[in-house]
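Residue numbers (my numbering), protein chains in the order written: chain A, 1405 to 1515; chain B, 46 to 159.
Do not take every clue at face value.
Example chain B residues on the side facing chain A (calculated, C-beta under 10 angstroms, incomplete) [what the hints assert, rightly or not]: (1) V64; (2) T65; (3) L92; (4) A138; (5) Y142; (6) N143; (7) L147; (8) F149.
These are calculated hints, taken from the structure and not from any lab test. We put the CB at the ideal spot given by N, CA and C, even for glycine.
Here's the letter readout for the chains.
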Amino acid sequence: SQTIHQWPATLVQPVGSPLSLECTVEGTSNPNLYWYRQAAGRGLQLLFYSVGIGQISSEVPQNLSASRPQDRQFILSSKKLLLSDSGFYLCAWERTSYEQYFGPGTRLTVT
Amino acid sequence: AQTVTQSQPEMSVQEAETVTLSCTYDTSESDYYLFWYKQPPSRQMILVIRQEAYKQQNATENRFSVNFQKAAKSFSLKISDSQLGDAAMYFCAYFTYNTDKLIFGTGTRLQVFP
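Let the hints inform the model, and build the full structure from the sequences given.
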């Protein structure tokens, strides 16, 4: 069966520090992968999606970036965090029937 | 542009009763998918049910069922025999081949009272 992992689960970082969040999927190959952000009490905002290694599409201009160095690995990064980057970050993978399955998420607090 | 609207920020239901959560969407596409996701306090998004737009029959998953009205662009979720564990945020979402993205509504917080 397929599983999706995210780490870390919780992160507190100062403004201006770098960021690296990792997402990995097991039990499938060449999945479409997605990064979402959820602000407190809000819906999900799509940040990036990837249909294959090295293929990244950005939805929202911001100081975040994404990379896909391996088939089942998706990384969200920033060189310098802003206060507005605080939120809950969710990674998802897409099954063939257009269903997306989400990881447990990372709660990021920028101080 | 496609949009998804959930007009009920909060709903409440008594245990064992039935509750219906509303969702409307705006699209010019004829072929698409609709989903309901549940987000419990742990905040992990869980897929509850899906509906293909080309299917007239409403989807059902145990106590969860939908009322899909394609002409009205309406997609409501009915939860029967509500349980305390159903308490969560519920998000309606829309997917189309053209954009290859899920578009989410703003969510409805469901409270279940014993």
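Here's how the hints hold up against the structure:
Given the 10 angstroms rule on beta carbons, the hint for V64 of chain B is violated: about 20 angstroms separates it from the nearest Cβ of chain A. Annotation: T65 of chain B was flagged as interfacial toward chain A, and the flag is violated, the nearest CB pair being 20 angstroms apart, outside 10 angstroms. Nearest Cβ of chain A to the Cβ of L92 of chain B: about 6 angstroms, under the 10 angstroms cut. The hint holds. Hint on A138 of chain B holds. Least Cβ distance to chain A is approximately 8 angstroms, under the 10 angstroms limit.
Given hint, Y142 of chain B at the interface with chain A, holds; its Cβ is 8 angstroms from that chain's nearest Cβ, closer than 10 angstroms. The criterion of a C-beta within 10 angstroms of any C-beta in chain A is not met by N143 of chain B, whose closest approach is roughly 12 angstroms, and the hint is violated. Annotation: L147 of chain B was flagged as interfacial toward chain A, and the flag holds, the nearest CB pair being 6 angstroms apart, inside 10 angstroms. Restraint check, F149 of chain B versus chain A: the minimum CB separation of about 5 angstroms is within 10 angstroms; hint holds.
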